[in-house]
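Novice: All chains should be built: construct the whole structure from the sequences, respecting the hints.
Heads up: the protein sequence lines correspond to chains P and R, in order. Taking our numbering, the leading residue of the first sequence gets 1, the next gets one more, and so forth. Taking our numbering, the leading residue of the second sequence gets 1, the next gets one more, and so forth.
One or more of the hints may lead you astray.
What the hints assert, rightly or not - Selected chain R positions facing chain P (in silico; Cβ < 8 Å):
| id | residue |
| --- | --- |
| 1 | T45 |
| 2 | Q59 |
| 3 | K200 |
| 4 | E201 |
| 5 | Y202 |
| 6 | A205 |
| 7 | L208 |
| 8 | V211 |
| 9 | H220 |
| 10 | P223 |
| 11 | T227 |
Said to hold, decoys possible - Partner residues aside, some chain P positions facing chain R, computed with beta carbon under 7 Å:
| id | residue |
| --- | --- |
| 12 | T77 |
| 13 | L79 |
| 14 | Y80 |
| 15 | M102 |
| 16 | D106 |
| 17 | A109 |
| 18 | S110 |
| 19 | N112 |
| 20 | R114 |
| 21 | P124 |
| 22 | E127 |
Said to hold, decoys possible - In silico lysine-lysine, DSS-like type, Cα no more than 27 Å apart, as pairs:
| id | chain 1 | residue 1 | chain 2 | residue 2 |
| --- | --- | --- | --- | --- |
| 23 | P | K38 | R | K200 |
| 24 | P | K38 | R | K210 |
| 25 | P | K157 | R | K200 |
| 26 | R | K210 | P | K287 |
| 27 | R | K210 | P | K55 |
| 28 | R | K200 | R | K210 |
| 29 | P | K55 | P | K96 |
Hints were generated in silico from the structure; no laboratory data involved. This one's a predicted model, so the numbers in the text were calculated from it and none came from an experiment. Every residue gets a Cβ at the ideal spot worked out from N, C-alpha and C, and that includes glycine.
Read off the chains here:
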Amino acid sequence: MTASAHIAPVASSALTVSAITQRFDVSAPWLNRVIERKSRLFVRAVDDVSFEVPKGGCLSLVGESGCGKSTVARMVTGLYAPSEGSISFAPGEGGKPLSVQMIFQDPYASLNPRWRVFDIIAEPLRELKLRSTEAEVAARVVELLQTVGLAASDGRKFPHEFSGGQRQRISIARALAAEPEFLVCDEPTSALDVSVQAQILNLMRRLQDEMGLTYLFISHDMSVVRHMSDQIAVMYLGRIVEQAPTEVLFANPRHPYTQLLLDTIPDVAAPRRDREPSTGEVPSPLKPPSGCTFHPRCPQADQRCSAERPGMTALPDDSRAACHRVAEMLERMV
Amino acid sequence: MTILPRQVSRLARLRQSDLWWSFTRNRGAMAAAGLLLVLIVSAFTAPLYVVQNPFDPAQLDLLNAEYPPIWAEGGQWPYILGTDTQGRDILSAILYGTRISVLIGLASVFFALAVGIGTGLVAGYYGGLIENLLMRFGDILLSIPTILIAILVSAIVRELLPPSLREVGAGGVLVFAIVLSGWVQYARTVRAQTAVERGKEYVQAAQLLKVPARRIMFRHILPNTLTPILVAATLNFGMAILTEATLSFLGIGMPASQPSLGTLIRLGNQFLFSGMWWITVFPVLQLCLLVVAVNILGDWLRDALNPKLR
Chain P
1 MTASAHIAPV
11 ASSALTVSAI
21 TQRFDVSAPW
31 LNRVIERKSR
41 LFVRAVDDVS
51 FEVPKGGCLS
61 LVGESGCGKS
71 TVARMVTGLY
81 APSEGSISFA
91 PGEGGKPLSV
101 QMIFQDPYAS
111 LNPRWRVFDI
121 IAEPLRELKL
131 RSTEAEVAAR
141 VVELLQTVGL
151 AASDGRKFPH
161 EFSGGQRQRI
171 SIARALAAEP
181 EFLVCDEPTS
191 ALDVSVQAQI
201 LNLMRRLQDE
211 MGLTYLFISH
221 DMSVVRHMSD
231 QIAVMYLGRI
241 VEQAPTEVLF
251 ANPRHPYTQL
261 LLDTIPDVAA
271 PRRDREPSTG
281 EVPSPLKPPS
291 GCTFHPRCPQ
301 ADQRCSAERP
311 GMTALPDDSR
321 AACHRVAEML
331 ERMV
Chain R
1 MTILPRQVSR
11 LARLRQSDLW
21 WSFTRNRGAM
31 AAAGLLLVLI
41 VSAFTAPLYV
51 VQNPFDPAQL
61 DLLNAEYPPI
71 WAEGGQWPYI
81 LGTDTQGRDI
91 LSAILYGTRI
101 SVLIGLASVF
111 FALAVGIGTG
121 LVAGYYGGLI
131 ENLLMRFGDI
141 LLSIPTILIA
151 ILVSAIVREL
161 LPPSLREVGA
171 GGVLVFAIVL
181 SGWVQYARTV
191 RAQTAVERGK
201 EYVQAAQLLK
211 VPARRIMFRH
221 ILPNTLTPIL
231 VAATLNFGMA
241 ILTEATLSFL
251 GIGMPASQPS
261 LGTLIRLGNQ
271 FLFSGMWWIT
281 VFPVLQLCLL
291 VVAVNILGDW
301 LRDALNPKLR
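Specialist: Right, here's the structure in full:
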């Protein structure tokens, strides 16, 4: 995959997410709470996250599993309501907010095993009444199947007759059937072989160019993200720690966590055998560390990091990072 | 349009299915299915060929009373399995009784399924307080033995019904009593499965399309919960027939004017010690055959639908 210059069109934002927070109630059942005298327990899966996605662009959220990126995706699509903060879409055609659809991570769970592919793709058309007659629905399903590179006769089959990559194509066709202007892609390739990943990613890029879609792309794979996005936001334990244009982030990662993530990309041409393996695990979001939540694993942490939570520092090259070291460096420069 | 799902005939699809394959290789299941078919068809076509309508007093003749079965000494054609003290042909009575037993069994399984599936889907899909209320109510019902609930209900409802309706409504009361204790099992199975399916991404995809909850439950989730339900329903069909027979035997089920197999067994029981064994033994035999056939089929279905056992 090449790092193609996928320059974001200078345009207004399609999606504005401001300070959203998601708390999940993970308390024990009522009876256990009463008997064992436990208090209620909440997890902040997403904590004070803000970002904007420009129209026609692609913003990627990256981070380890459990960092809250899928929760953000589900809040953006409206499957979960945010506990705090707001999510607003720019008006699309006809003045209504941009319509959102989602491509899911697991191609084996995202298609109903009892439904034929034809009915799966026709469901949005029928539910949203996008076509009035069954003949039109059928014609549109064929068109969609061909758009994603499947044959018209595949509509007759059941999902289990397809491979993971083909299922993901079906999933994309279903999402497109609803005629969305904004697609949320929740790790659409993480369950696929590398060779198939490239096919699906290229298909998604092609669709973006042809239909002018805007993407919110979720992944943990830095090379996939580099291929897809204009902007990258790095999440750690429910917060965004760094956000930057793709090439800036890869060329000049500011946050120690981003540096750690980039370090983990294997490089075939110049393998770095001397690379220091990173230590530590992601702390439990039930009891996040004090101050900067990354400080227990951070090589540059000092006392300030464990005491004080860093704010976002905006940098001149359009990037921003939540790290005391970055802020201190900026102060020295000024 | 050529791409529309070609409607393969249901029969052809059945012939190609794993289930049919497993069925044709299981002699026990085939024998049980054959037996069940014979029992049910013979019962429902009985009015076409039996000697008499055993419950039409005008067709009974006291002169023909107390014949033993035809192979015993004193047996009389056409009363193959003998007659009772009122000249009623036992074979005819059994066939008519089987009809009632099967109908009550089917009706109670059907209504228990309807209530159980509905409750299970709602409880599993919405969770929270609704789930707790519905399922705890079910748990309370489960903690009381089926027979006890049935006795209680049929006794109470019978008292509430006006006397003129008691005989006519007996079947309905029985079905209600059996359904009341039977739906919980389906509800639990469906709830557990629904809670699993609800979290899957295909349900979220449907929610994104703003598909109404009712349609998500019935069109998306329900087909994925049906396998264990099918097995339970088959086995419970046998259980429902037995419960009905038990209640009728105890005298709180079907009245003597429209007797099920259980009623026949109770009525015949009185004559067992006076040597007229045929009045009660043949209905017992029929009941055993019916329930055993259903249970063998249910066991086969359970194994055939469980991929881990293949």
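Novice: Now tell me, hint by hint, if it's right for this structure.
Specialist: Comparing the hints with the structure gives:
1. T45: R/T45 check fails; min Cβ-Cβ to chain P is 37 Å, beyond 8 Å.
2. Q59: Violated. Min distance 52 Å.
3. K200: Cβ of R/K200 sits 5 Å from chain P, so the hint holds.
4. E201: Holds, about 4 Å.
5. Y202: holds, 4 Å
6. A205: With a minimum Cβ separation of about 6 Å from chain P (threshold 8 Å), the hint on R/A205 holds.
7. L208: holds, 6 Å
8. V211: Constraint on R/V211 satisfied, holds at 5 Å.
9. H220: Given a least distance of 6 Å, the restraint on R/H220 holds.
10. P223: Holds: closest Cβ of chain P sits about 4 Å from R/P223, inside 8 Å.
11. T227: violated, 11 Å
12. T77: holds, 6 Å
13. L79: holds, 6 Å
14. Y80: violated, 10 Å
15. M102: holds, 6 Å
16. D106: holds, 6 Å
17. A109: holds, 5 Å
18. S110: holds, 4 Å
19. N112: Result: holds, 4 Å to nearest chain R Cβ.
20. R114: Holds. Min distance 4 Å.
21. P124: holds, 5 Å
22. E127: holds, 5 Å
23. P/K38 with R/K200: violated, 31 Å
24. P/K38 with R/K210: At roughly 38 Å apart (the allowed maximum being 27 Å), R/K210 and P/K38 break the hint.
25. P/K157 with R/K200: holds, 21 Å
26. R/K210 with P/K287: Given that 27 Å is the threshold and the Cα spacing comes to 36 Å, the pair is violated.
27. R/K210 with P/K55: The hint holds at about 24 Å.
28. R/K200 with R/K210: Measuring from Cα to Cα gives roughly 16 Å; hence the hint holds.
29. P/K55 with P/K96: holds, 15 Å
The structure fails hints 1, 2, 11, 14, 23, 24 and 26 (numbered hints given earlier, in ascending order).
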